[in-house]
Structure formats: structure tokens, C-alpha cells
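Trainee: Residue-level listing of the chains:
There are 2 protein chains.
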Amino acid sequence: MRISELSTQTEVPVATIKYYLREGLLPEGERTSPTQATYGSEHEQRLRVIRALIGAGVTVAETRKVLDALDDPPASPHDLLGAAHAAVMPPADGQIDTVDAERLARDLGWQPGLCDEQVLAGVARALQGVERAGFRIPDAVMAAYLESVRTLAQAEIANVPTESPEAAVRYVVLGSVLIEPLLLALRRVAEQVASAERFGGTVVEPESAP
Amino acid sequence: MRISELSTQTEVPVATIKYYLREGLLPEGERTSPTQATYGSEHEQRLRVIRALIGAGVTVAETRKVLDALDDPPASPHDLLGAAHAAVMPPADGQIDTVDAERLARDLGWQPGLCDEQVLAGVARALQGVERAGFRIPDAVMAAYLESVRTLAQAEIANVPTESPEAAVRYVVLGSVLIEPLLLALRRVAEQVASAERFGGTVVEPESAP
Numbered sequence: 001m002r003i004s005e006l007s008t009q010t011e012v013p014v015a016t017i018k019y020y021l022r023e024g025l026l027p028e029g030e031r032t033s034p035t036q037a038t039y040g041s042e043h044e045q046r047l048r049v050i051r052a053l054i055g056a057g058v059t060v061a062e063t064r065k066v067l068d069a070l071d072d073p074p075a076s077p078h079d080l081l082g083a084a085h086a087a088v089m090p091p092a093d094g095q096i097d098t099v100d101a102e103r104l105a106r107d108l109g110w111q112p113g114l115c116d117e118q119v120l121a122g123v124a125r126a127l128q129g130v131e132r133a134g135f136r137i138p139d140a141v142m143a144a145y146l147e148s149v150r151t152l153a154q155a156e157i158a159n160v161p162t163e164s165p166e167a168a169v170r171y172v173v174l175g176s177v178l179i180e181p182l183l184l185a186l187r188r189v190a191e192q193v194a195s196a197e198r199f200g201g202t203v204v205e206p207e208s209a210p
Numbered sequence: 001m002r003i004s005e006l007s008t009q010t011e012v013p014v015a016t017i018k019y020y021l022r023e024g025l026l027p028e029g030e031r032t033s034p035t036q037a038t039y040g041s042e043h044e045q046r047l048r049v050i051r052a053l054i055g056a057g058v059t060v061a062e063t064r065k066v067l068d069a070l071d072d073p074p075a076s077p078h079d080l081l082g083a084a085h086a087a088v089m090p091p092a093d094g095q096i097d098t099v100d101a102e103r104l105a106r107d108l109g110w111q112p113g114l115c116d117e118q119v120l121a122g123v124a125r126a127l128q129g130v131e132r133a134g135f136r137i138p139d140a141v142m143a144a145y146l147e148s149v150r151t152l153a154q155a156e157i158a159n160v161p162t163e164s165p166e167a168a169v170r171y172v173v174l175g176s177v178l179i180e181p182l183l184l185a186l187r188r189v190a191e192q193v194a195s196a197e198r199f200g201g202t203v204v205e206p207e208s209a210p
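In order, the protein sequences belong to chains A and B. The end of the first sequence is residue 210 by the UniProt record's numbering, with every number in the run present. The end of the second sequence is residue 210 by the UniProt record's numbering, with every number in the run present.
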């Protein structure tokens with residue numbers, strides 16, 4: 001198909017497709033003339049993946065790394081997962097204190113050597129962001145966070161398809177990244193439901209008259 | 001304190017502080033001369049909040065809305081939560097089909113009227129992103145997502161402090177936004193742990209010899 005039809009099929013503007021071509025995210029089509037090329041279903045599928053990743057908040061540079069992991073995956077699904085995570089996280093610079101992050105990770109079943117340093121550094125940075133705002137997470141809430149991510153991660157990993165490397169690769173790489181906006185969106189719904197059940201229509205009484 | 005000390009205390013560069021002042025995120029200090037101002041602890045605290053929000057991926061425009069909700073909060077913690085969510089989500093344009101999102105929301109205890117349209121639209125957009133990549137979430141995994149967000153949201157809302165409106169405001173507004181990077185980071189650790197337990201060192205066998 002020509003680039004105009006590729007654009008129609010994927011709902012990605014032609015100018016954006018050309019940008020992805022220039023950035024090397026999308027491979028060149030087959031040249032039919034000096035100014036035209038044709039594209040096949042593999043381009044369409046790749047373009048859908050690119051659009052989904054970028055729509056999920058992944059940068060162009062990170063998207064390139066995710067695509068690299070899809071194109072040339074490590075043999076083990078475990079290393080695949082590491083590659084997918086690495087693609088969307090800044091590199092660990094060894095500067096951040098991961099003591100608190102390791103404590104939480106142990107509650108998730110972590111032991112030294114089981115996770116990339118980068119992933120622990122990511123937890124440490126996130127904790128730092130919370131603390132710097134002067135926000136304290138109640139112990140009961142942190143316990144709920146740990147229980148929840150353990151539940152969902154076990155289900156995710158249990159369902160990695162193993163009938164083919166390609167299926168495992170797509171599932172692991174896309175699943176870890178694309179699901180992030182969905183989880184956050186579902187959490188907002190659940191928060192509003194719980195809040196309506198607890199507070200709907202009631203007002204927090206100030207301690208003294210205004 | 002002068003702007004240089006504010007910078008030292010908060011580890012925010014002076015140029016960045018001046019940017020926040022120009023953008024109106026940070027209120028002006030008290031002028032002590034035509035070219036100098038002094039800043040107090042309320043500036044320091046606000047700056048920490050700004051930095052934490054922006055570090056959590058919130059844009060300047062969204063940060064402004066979060067700060068507005070902190071400065072002039074609705075009376076009800078439920079409306080507060082809606083304001084915090086609204087600050088970090090694009091406005092609903094009524095164009096997206098929310099049928100699938102509503103089905104998932106019902107599994108989270110939603111009933112019509114219990115949530116902002118915007119939050120449901122957010123779920124719909126996230127689902128759309130996943131589907132457009134050709135990624136299918138196994139039923140067991142979706143069930144785990146729903147169970148997990150329900151668990152964590154109930155703990156979050158149960159722990160909203162009610163002894164003062166200010167405490168409730170900070171908790172709700174900051175908690176819903178600042179926690180997002182932490183949840184995603186904890187999920188990555190949990191995924192790597194579960195993956196190491198399932199796959200560590202093993203290779204997905206291709207169906208035919210390479």
C-alpha cells in the first residue's frame with residue numbers, strides 16, 4: 001500500500017509517518033519510484049506498535065529501544081523483561097541510595113541479584129519524589145501497594161505465552177509498557193468509587209469555625 | 001531567606017525557581033529592594049511540591065491546576081479527588097466510546113454518576129492504546145488488575161486524614177498524583193521477581209529448530 005493508505009489504516013498522519021521513517025523507527029518501504037514506496041502489513045503492525053508506545057508516554061528514544069528488543073530479543077523472557085524495562089527507564093547512575101527501595105523490594109520477594117539495579121533505582125527515585133514533597137505514605141497503604149503489585153505481576157508473568165518466542169517477546173515487551181496508562185486510569189476510577197462510598201456528599205469539618 | 005538559600009534548601013536551581021515565579025506557580029516573595037525578595041517556609045514547601053509533581057511527570061499546566069486545588073480546595077474530599085484527577089488528565093471531549101471502560105468500571109464497583117466522565121474516558125483511551133498495538137490482555141490478568149486497583153484504592157481512601165481540611169487536601173491531591181511513578185516502579189520490581197521465579201535462566205523453545 002502507499003503511504004496515504006498506511007496513514008488511513010493506522011490513523012497516523014502522513015507527516016508523522018515520515019517523521020518515524022526519518023527517525024528510523026519505521027523501516028523504509030519498497031521503492032517503486034524515486035518518490036514513492038509501498039508498505040506492507042509488517043509496516044502497518046509496526047506503526048501501530050509505535051503509535052501505542054508513544055501514546056502510552058514512551059519517548060521516541062525509548063520507543064527505539066523497545067523496538068530493538070522486539071527485533072532482536074534476548075533468548076530468555078526474563079532478559080526480555082529487563083530489556084523492556086530498561087528501554088523506558090533512565091540508566092542507573094549508581095548515585096542514589098537504594099536502602100529503602102531494597103527494603104520494599106524484599107517485601108516483593110526480591111533478593112540480591114534478582115532484579116536489575118536500574119529497576120531498584122527507579123523505586124528509589126520514586127520514593128525520593130514522594131518524600132521531597134513532604135508526603136508520607138501510611139504503612140497500611142504501602143502494604144496495599146505491595147500486595148497489589150505482587151498480585152498483578154504474578155498474573156502477568158504466569159500468562160506469558162511460551163508457544164513461540166515471538167509471542168513471548170510481544171507480550172512481555174508491550175505488556176510491561178503499554179499497560180502503565182491503563183493501570184493508572186483504572187486506579188483513578190477505583191479511587192473515585194471508594195471515595196464516593198466514603199465521602200460522597202459529606203464535608204470534612206474544620207476544627208474551628210471559619 | 002534569599003532566593004539563593006531557597007535554591008540550596010530545595011535543590012532547585014535559581015533559574016528554575018525564577019521560571020516558576022514567572023509562570024505563577026510560585027508566589028512572589030516579599031520585596032526587600034527593587035532587585036531582591038525574601039522567601040519563607042511556605043515558599044520552600046510549595047517549591048518542594050512543585051518539584052515533586054514535575055518530577056512525577058506532571059506538566060507545568062497540570063501542576064498549576066493541582067496547586068489551584070491545594071490553594072482553593074472544594075469542601076468535599078470526593079470533589080477534591082475529582083479536581084486532582086482532572087488536573088492531570090486531558091479534558092473529556094465526549095468523542096470516545098466508553099462502553100468497554102464502563103464494563104471494567106462496573107467490576108470496580110462503579111455505577112453511573114459515581115465517577116467523572118473524564119476518568120472513564122481515561123480508561124477508554126488507555127484501552128484503545130492497548131488494542132491499537134494489537135495487544136490482548138488475558139482475562140486472568142485483567143481480573144488481577146481490577147482486584148489490585150480495588151485493594152490499593154480502598155486502602156488509600158480509608159487512610160484519608162480527616163482531622164483537618166488541609167491534611168485531607170494535601171493527602172488526596174498529592175497522593176493521587178505523586179504515587180503514580182512509585183506504583184509503576186514497584187510493579188517493575190514485582191514483574192522481575194515473578195519472571196526470575198518462572199523463567200530465570202530458561203529459554204523459550206522455538207517450535208522448530210533454528
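It should be emphasised that the hints constitute simulated quantities derived from the structure, not laboratory data. Please note: incorrect hints may appear among the correct ones.
Note: identical chains are not told apart, hence a pair may lie in one copy or across any two.
Here are the computed lysine to any residue pairs in the SDA-like style, where the Cα-Cα straight-line distance is at most 25 Å [to be verified]:
#, residue 1, residue 2
1, Lys65, Gly134
2, Lys18, Ser164
3, Lys65, Val130
4, Lys18, Leu114
5, Lys65, Val99
6, Lys65, Gln36
7, Lys18, Ala143
8, Lys18, Ala167
9, Lys18, Gly134
10, Lys65, Ile137
11, Lys65, Gly200
12, Lys18, Asp97
13, Lys65, Glu180
14, Lys65, Leu183
15, Lys18, Arg136
16, Lys18, Pro161
17, Lys65, Asp107
18, Lys18, Pro34
Keep in mind it's a predicted model, so treat the numbers as computed, not measured.
Trainee: Just pull the numbers of the violated hints for me, sorted ascending.
Mentor: 2, 4, 5, 6, 7, 8, 12, 15, 16 and 17
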